[in-house]
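2 protein chains.
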Amino acid sequence: MLKRYLFAPGPTAVPPEILLELAKPVLHHREAQFIEALTEVRDGLKYLFQTSSEVIILSASGTGAMEAAVANLLSAGERALVVAGGKFGERWAEICQAYHIEVIRLDLPWGAAVNPADVQATLERDPAIRAVFVQACETSTGAAHDVRALGEIVKAYPDTVLVVDGVSALGAMDLPMDAWGLDAVLVGSQKAMMLPPGLAFIALSEKAWQRAAQATLPRYYFDLQKIRKDLEQNDHPYTLPTPLVVALGEALRWIRAEGLAQVFKRHRRLAEATRAAMRALGLSLLAEEAPSDSLTVVRVPEGIEGARIPKLFWDHFHITIVGGQDQLRGKVFRLAHMGYVDTFDVLTMVSAVEFVLERLGYPLQWGAGVRAAQEVLARPLD
Amino acid sequence: MLKRYLFAPGPTAVPPEILLELAKPVLHHREAQFIEALTEVRDGLKYLFQTSSEVIILSASGTGAMEAAVANLLSAGERALVVAGGKFGERWAEICQAYHIEVIRLDLPWGAAVNPADVQATLERDPAIRAVFVQACETSTGAAHDVRALGEIVKAYPDTVLVVDGVSALGAMDLPMDAWGLDAVLVGSQKAMMLPPGLAFIALSEKAWQRAAQATLPRYYFDLQKIRKDLEQNDHPYTLPTPLVVALGEALRWIRAEGLAQVFKRHRRLAEATRAAMRALGLSLLAEEAPSDSLTVVRVPEGIEGARIPKLFWDHFHITIVGGQDQLRGKVFRLAHMGYVDTFDVLTMVSAVEFVLERLGYPLQWGAGVRAAQEVLARPLD
Numbered sequence: 001m002l003k004r005y006l007f008a009p010g011p012t013a014v015p016p017e018i019l020l021e022l023a024k025p026v027l028h029h030r031e032a033q034f035i036e037a038l039t040e041v042r043d044g045l046k047y048l049f050q051t052s053s054e055v056i057i058l059s060a061s062g063t064g065a066m067e068a069a070v071a072n073l074l075s076a077g078e079r080a081l082v083v084a085g086g087k088f089g090e091r092w093a094e095i096c097q098a099y100h101i102e103v104i105r106l107d108l109p110w111g112a113a114v115n116p117a118d119v120q121a122t123l124e125r126d127p128a129i130r131a132v133f134v135q136a137c138e139t140s141t142g143a144a145h146d147v148r149a150l151g152e153i154v155k156a157y158p159d160t161v162l163v164v165d166g167v168s169a170l171g172a173m174d175l176p177m178d179a180w181g182l183d184a185v186l187v188g189s190q191k192a193m194m195l196p197p198g199l200a201f202i203a204l205s206e207k208a209w210q211r212a213a214q215a216t217l218p219r220y221y222f223d224l225q226k227i228r229k230d231l232e233q234n235d236h237p238y239t240l241p242t243p244l245v246v247a248l249g250e251a252l253r254w255i256r257a258e259g260l261a262q263v264f265k266r267h268r269r270l271a272e273a274t275r276a277a278m279r280a281l282g283l284s285l286l287a288e289e290a291p292s293d294s295l296t297v298v299r300v301p302e303g304i305e306g307a308r309i310p311k312l313f314w315d316h317f318h319i320t321i322v323g324g325q326d327q328l329r330g331k332v333f334r335l336a337h338m339g340y341v342d343t344f345d346v347l348t349m350v351s352a353v354e355f356v357l358e359r360l361g362y363p364l365q366w367g368a369g370v371r372a373a374q375e376v377l378a379r380p381l382d
Numbered sequence: 001m002l003k004r005y006l007f008a009p010g011p012t013a014v015p016p017e018i019l020l021e022l023a024k025p026v027l028h029h030r031e032a033q034f035i036e037a038l039t040e041v042r043d044g045l046k047y048l049f050q051t052s053s054e055v056i057i058l059s060a061s062g063t064g065a066m067e068a069a070v071a072n073l074l075s076a077g078e079r080a081l082v083v084a085g086g087k088f089g090e091r092w093a094e095i096c097q098a099y100h101i102e103v104i105r106l107d108l109p110w111g112a113a114v115n116p117a118d119v120q121a122t123l124e125r126d127p128a129i130r131a132v133f134v135q136a137c138e139t140s141t142g143a144a145h146d147v148r149a150l151g152e153i154v155k156a157y158p159d160t161v162l163v164v165d166g167v168s169a170l171g172a173m174d175l176p177m178d179a180w181g182l183d184a185v186l187v188g189s190q191k192a193m194m195l196p197p198g199l200a201f202i203a204l205s206e207k208a209w210q211r212a213a214q215a216t217l218p219r220y221y222f223d224l225q226k227i228r229k230d231l232e233q234n235d236h237p238y239t240l241p242t243p244l245v246v247a248l249g250e251a252l253r254w255i256r257a258e259g260l261a262q263v264f265k266r267h268r269r270l271a272e273a274t275r276a277a278m279r280a281l282g283l284s285l286l287a288e289e290a291p292s293d294s295l296t297v298v299r300v301p302e303g304i305e306g307a308r309i310p311k312l313f314w315d316h317f318h319i320t321i322v323g324g325q326d327q328l329r330g331k332v333f334r335l336a337h338m339g340y341v342d343t344f345d346v347l348t349m350v351s352a353v354e355f356v357l358e359r360l361g362y363p364l365q366w367g368a369g370v371r372a373a374q375e376v377l378a379r380p381l382d
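These protein sequence lines map, in sequence, to chains S and W.
First residue of the first sequence: 1, per my numbering; consecutive thereafter.
First residue of the second sequence: 1, per my numbering; consecutive thereafter.
No copy is singled out in the list; a pair is fine if it fits within one copy or between any two copies.
EDC-like mimics (lysine to aspartate or glutamate), calculated; alpha carbons at most 16 Å apart, straight line:
1. LYS3 <-> GLU31
2. LYS311 <-> GLU31
3. LYS226 <-> GLU94
4. LYS265 <-> ASP174
Hint data in this document are derived by calculation from the structure and do not stem from the laboratory.
Given the sequences, and given the hints that come with them, work out the whole structure.
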């Protein structure tokens, strides 16, 4: 018997009920049943993004949506500020450079969250900055940047937009786009949305749509204005993965039924339980200062070869977790608790941490992590 | 009871056995089982493309792969020749223009196939042309361009590449990339490959890879060199839709088991049967001169409102077919017979044409189309 557990920060586990939607006969993108599904999905996405703007649907990974943000909001030679505190912050810089955007970097130690005052100071010093690129949650480090504070700051600059990569945040942590004045928020389907990879989404504020109308970087497949025009007619210029859109409809119904407020509370509690468990085991978190609620990134204890941790998770328990990337390779392991995750999933991953670390010679008291998690999880959700 | 038939030129019907692959638990893109699937898929794609080059896998629609071709093979201000004989020829021109490529158009009446001598003459006249963009099958008109002859011609120009949109041809018609000297061939998953939309593929010749190394148009998500480097390690820089890749593995096994030669013969016969049926009903084909084997585009008979044909197909029989696009709106209807299509599917679509046209007042003899199709389909495949 092989029972799998997928606790990676994307792709994440998908409920069997939603997977079965994918096995239904393929709908044509212009038949009535699909148009009905798309209408409902457009509405559900606005709920999820907490916006009144149209949420643009792309057949792409999250990186495609990141590129769409750059290509639609900037013109060649313009200047952008990139919060670089992990692999995905670096990705913003790389995309900007590919498009000949002048990048001003705000470098952080990996694991740290940006100090909003530093962004403000940079914007004050350099009025030519036209966009600020940041992650709501930096998936490589588990740090949550204070995008709410950044929204407040960037709002004061009429010619500058705040672009938020919400890939591992949206649907797990509160990210009310309109209320916080975020100019662009994007996400991929395979994180907190309980879907397989294959769709990406991006919504723009009115300020951002105005920039898009003027920005001259080349784009075609990712031309958001063209897609918006079609979506508003329940159409799309390119063939969408229709089964995934149908499954998305089901996932959005689940999210609505639970209610966003409840979804965020659930993730908060799962995260708090995981953090409490790791601390109870004497482990320390990489993003101690501003940990995200969607994944917990744990430092590999001294004397243990980091790469062995995910390997043992798989070899002994068929649990997929991942280690660190780039400069964090071998130094951390990452436990994702976003999307289709409940109390017992967290207890599973915590007890597996105990099993694996014990096997690697780490001194621990059986059940110390699980007990700490239970104490948090036993508290009522409200 | 609602029994659906999907005879649109994409998305096309997917076998239930392949749909069920999509309902299996999501694999992580770096776990052994997925890497094994990807290894097999890479090999199967080379078989399908009839190439020894790496076939690049993109999470995108076919248009994404078209954009990848432009962005990886050209530099700003360079000149390209576009064969414009339908909606997708126009799309090549639009993408080139979005990237500030100077477009030389070879305009054709919609439904015509390009005369290779015209391409040769244009290349001779204009040595600055760096790429020729064409469709193997123009999905909007059903015309098949003679890309084999174009391969012969472009081969003589060391600084010019031939880029073939194989979206509704690859897997239905013989398109041996290496043997015919095609420099780039691309396709989407939702046509002859028996898969839902969500994946696109593009392969480059050695000549094209050399151009890609020098071409300077901006690209990031579609940077084919970067993706190739990772794919060669059974990795990918961006999260692939893992369930679709697993399903692709199954589809490629089906194609291999049938054998490409047999697959092409099957499509040829289904197409011949459809064409014979339409002629027997007194209807005429738009692409009379060089009809493709993947879809048949039929002129709407005089006196009949074209838009009513697909509508009646759906309303009475739950069959999805599509009409014409842009300048062909209301003037044609399109019957696709690519991918998961057999003898009885063709008889179904032909008899539905009879039912629908009769209802619209078109004079016909019951069964005349079906009989003509049967006569073709009764012939042995070899």
